[in-house]
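Using my numbering, the letters of the sequence shown correspond one by one to residues 1 to 301.
Hints were generated in silico from the structure; no laboratory data involved. Any given hint could turn out to be false.
Distance windows between CB atoms, simulated [to be verified]:
#1 G59 x S226: 20 to 28 Å
#2 M57 x K189: 35 to 43 Å
#3 L128 x P233: 34 to 42 Å
#4 C155 x E55: 18 to 26 Å
#5 E146 x T38: 38 to 46 Å
#6 E244 x A23: 33 to 41 Å
#7 T38 x G59: 18 to 26 Å
#8 S226 x F194: 40 to 48 Å
#9 C155 x L208: 17 to 25 Å
With a cut-off of at most 20 Å between alpha-carbon atoms, the simulated PhoX-like pairs for lysine-lysine come out as follows [stated by the list, open to error]:
#10 K285 x K168
#11 K168 x K189
#12 K21 x K35
Predicted model only: the values in this text are computed from it and were never measured. C-beta atoms are modelled at their ideal positions from N, C-alpha and C, and glycine is treated no differently.
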Amino acid sequence: MNSASIAPNGEPIARLQQTLKAAATVSGRGYWSGKEVTVRFLPAPDDTGVIFVREDMDGAPQIPALVDYRIEVPRRTNLVHQGAAVEMVEHVLAALAGLQVDNCFVHVNSAEMPGLDGSAKEYVDQILAAGIEPQSTPRPVLTISEVVRVGDDECWVEARPSGSKRLKFKYRLDFGTEGMIGRETLEAKLNPEFFTAELAPARTFLLLQEAEWLRSQGLGTHVDFSELLVFGPEGPIDNELRFEDECVRHKVLDLVGDLALAGCDIQGTVIASRSGHRLNAELVKQLLKENQVAYLSRRTA
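Full structure from sequences and hints, please.
Spelled out as structure tokens, the structure:
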């Protein structure tokens, strides 16, 4: 799956860009809109990046998955380009980035991506079934050269240099000592195997009072509590945890999707404390301003 050449210390020197071997399809309903949508992942040439295609609109407008096109919307990542929008794209982007699929046309017939079970597992399963293949061009890399931090004392995310050629992360989730979620921390190195087994199945979560408020606003009224994790006083309602620390795993899943808006690999360490989509995107913007994106050496035989 990973086409990197290997240095004597076991770290990758560079890797080739990758795309799909064949089309992959996922269908479902959007959490917010309730609309049925089909997502088709199609192979794309070198240096294409990830591009959403609104095939339900005149001219099939394209929306590149880049931070420049992100708009601020609570609780999700939306993109807008030349009047066309795609919504709640973070799980799609996380699946592609986690599996190192760099070039892909993502055709959709509605704005909002399907919520599925609140995780990226179905996307990952279908992409792996379609197959992933290397291309001929090295993947551009952003190497973190100095500490970059955004946020405040309560919620923040920062990037630090590290000796690793992979992205390392640490996420601290803190809901206080009261309630069922509490405090959780996850720290690891990101690679396709770890993403597939440890992050992709982790589901969206929220507190019961948040779910009730959203429903009172007419949002998510079609979503059953079994379709995501809703925490009441005794724990998840009509559901069971897949991991003891599933909540922090899902926050890392979202982080991977948001970091993908850089349009390149990131080498260094990202540490987050109670960060969400807005701060994740702000970090990407700052990194692109302050660090040079470059191609590493080509893969050797």
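Self-check item: Hints breached by this structure
Solution: As far as the earlier hints go, 1, 4, 8, 12 are violated by this structure, in ascending order.
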